[in-house]
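The chain contents come next:
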Amino acid sequence: MRAAGGFWTRYRRNRPAVAGLAIVLMVVALGLLAPLLYPGDPWSIVGQPFLWPGDPHAPLLGTDVLGRDIASGVLHGARVSLRVGLFSALFAGVIGTIVGSVAGYYAGWVDDVLMRITEAFQTVPSFLTALIIVALFKPSIPTIIAAIAIVSWPGVARLVRAETLRLRGSDFVSACVTFGMSDIRIIITQILPNCLAPLIVMVSVMIASAILIEAGLSFLGLSDPSQLSWGTMIATGRDALRSAWYMSAIPGIAILVTVLGINLVSEGLNDAFNPGLRQRQVAQIPRQTSRQA
Amino acid sequence: MTLHIGNVEKVPAERPFTGFVRPFIRSRRRGYLGFLFRRIAQSALLFFLTILLTFALINVAPGDMVDVMAGDSGGADPGYVQMLRGKYGLDRPLPVRLYNYVDQLAHLDLGYSFPQSAPVTDLIADRVGPTLLLMASSLALSVAGALVLGTLAARHVHRATDGIVSVLTLLAYATPVFWVGLMLILVFSVKLGWFPSSGMETLFSGYTGWTRVKDVAWHLVLPAATLSLFHLALFTRLLRASLLEVLRQDFVRTARAKGIGEWRVLGVHALGNALLPLVTMVGMQIGASLGGAVVVESVFAWPGLGRLAFEALGARDTNLLVGIVLFSGLVVITVNLLVDLLYGWLDPRIENV
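Line order of the protein sequences matches chains A and B.
In this text, residue positions in the first sequence follow our numbering: the first is 1, and each later residue adds one.
In this text, residue positions in the second sequence follow our numbering: the first is 1, and each later residue adds one.
Looking at chain A on its own, in the form it has when it is part of the complex (with noise of 0.2 Å):
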């Protein structure tokens, strides 16, 4: 890997990635200190209902439908995206690497069999499929993670198993090989750092798409019934969209918010771990015929 303050520095100079990092940074700190900022159930009524935000008896961000500070539940609800987001990221990146790492280093028949079996669980629309999984199983946090991580490792498994096919006939994995070490070692040791940094990327893009993921589901009223989620957030305010718009407004703007700022992240570190990506993207659409010669 490069020298860390290499890489900060090539971070640094994409301006956009930093407003990302800081805007991730500022929901990060905010979901932490949310019991302390808003102590007590995000569900429970402060005052009267339908108090714009504003009003002077107002809390900062106003009152939904039933009289529940929706500052509160902004906060509060910042915990549970982020830790959908984070989680089922990584548990699909898990999934994704082992699947895809094998594929690749054994390729053959085990690749054709595990990437059949890949291909099948991206026909299926994803967002459906979560739906289901979640509605057949009770909702809550760990079966939304679970939901999410299961269509969404298809494609980590692709690109890691891309890498690994790229690298596994390269010299230094032919001598490890020549040592007598062990193919899950070569693959841990030798291969998978090597696509560390393509990996990072897309586990930072998972995460924001899982956030949204986790916002639809809510929305249509699959969430944990014990914890206040921004999607449900809309979902109440939306029986009042006519007269109280800023109730599904404000926690729609917090998803746009903090998903913007991941994606800016993940473009950022991209750029970071790929030096001249930027100049050379043009080139990113790589020539399709040309490709599979």
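Because the hints were derived from the structure by calculation, they are not lab data.
Only some residues are given here: those of chain B computed to face chain A with a beta carbon under 8 Å: (1) 49; (2) 53; (3) 57; (4) 178; (5) 179; (6) 182; (7) 185; (8) 287; (9) 288; (10) 292; (11) 294; (12) 329; (13) 333.
Residues of chain B clear of chain A, computed beta-carbon distances all greater than 12 Å: (14) 92; (15) 117; (16) 125; (17) 126; (18) 133; (19) 151; (20) 204; (21) 253; (22) 256; (23) 303.
The structure displayed is predicted, hence computed values, not measured ones.
Ideal placement from N, C-alpha and C gives every residue a C-beta, glycine not left out.
Chain A is fixed; fit chain B onto it per the hints.
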């Protein structure tokens, strides 16, 4: 909800060329018919795996059809539940059940929806039209928008227009689709009153013919716009990148050297070649678009498959849910097959590889 795939610029090259197009190229040497059979066999295998997947899903989930039925009738005695299980073959060993399941599917029977009191196949057939209409118009909208925005961005690369387009796509990437729907309803339906906020047509209007078409189109505007937003961003980015790539090639330099205007070079010479990755990507996004339709349909009360899935969700209607998933899988597989054929037609060079 759509999948936000990282590194948009890299994805289209990776996916179709490992899974779908490579066999195409290989088999072209052995003749088109051979390719066709291979490709269909592959799709059939994929569909069988999808069936296995849904079967696994039903069997892993706690509680079965009989539990739901017993729950509906207010709790039944164990003997009766046992009898029902026997009746539906749910007490048989797993392989037998799998065999029965595949056999049932082979007869185009997706099972019976008890909450809706109708065969799942009929329910899906009833709702598939509106969903296809919604998906087709939203994809058409996003492709058309991407052609305009992507070309504009590529024409003015690294200048203000390009910057604005890229900010817009970044925002579209980060916005939850259902929230866009709500905000569009707020602005264009509640505040401005330009478009209806829900449904597919004016109820009890008795419109027929052309008036009815116009009425449906009227109702279609907001849902289609909502569903298209993410794909608009995705396709715009893709098209911009692939246009810039094509613009570096020699034939473009030749065209410019001949004194052909920049817009003509872009629109005529470059665009045709830049369309290939877009076609692949559109095919790949069918599944995501179907997933997004679930949310959009429930926001706009659009009477399609997504709305049906949502109703099934509330009623814990496993048969219906699984039927919808299987059906979507079939649609995705078929569309990918067609995209491969289209790809070969758009790029005859593939024959010579």
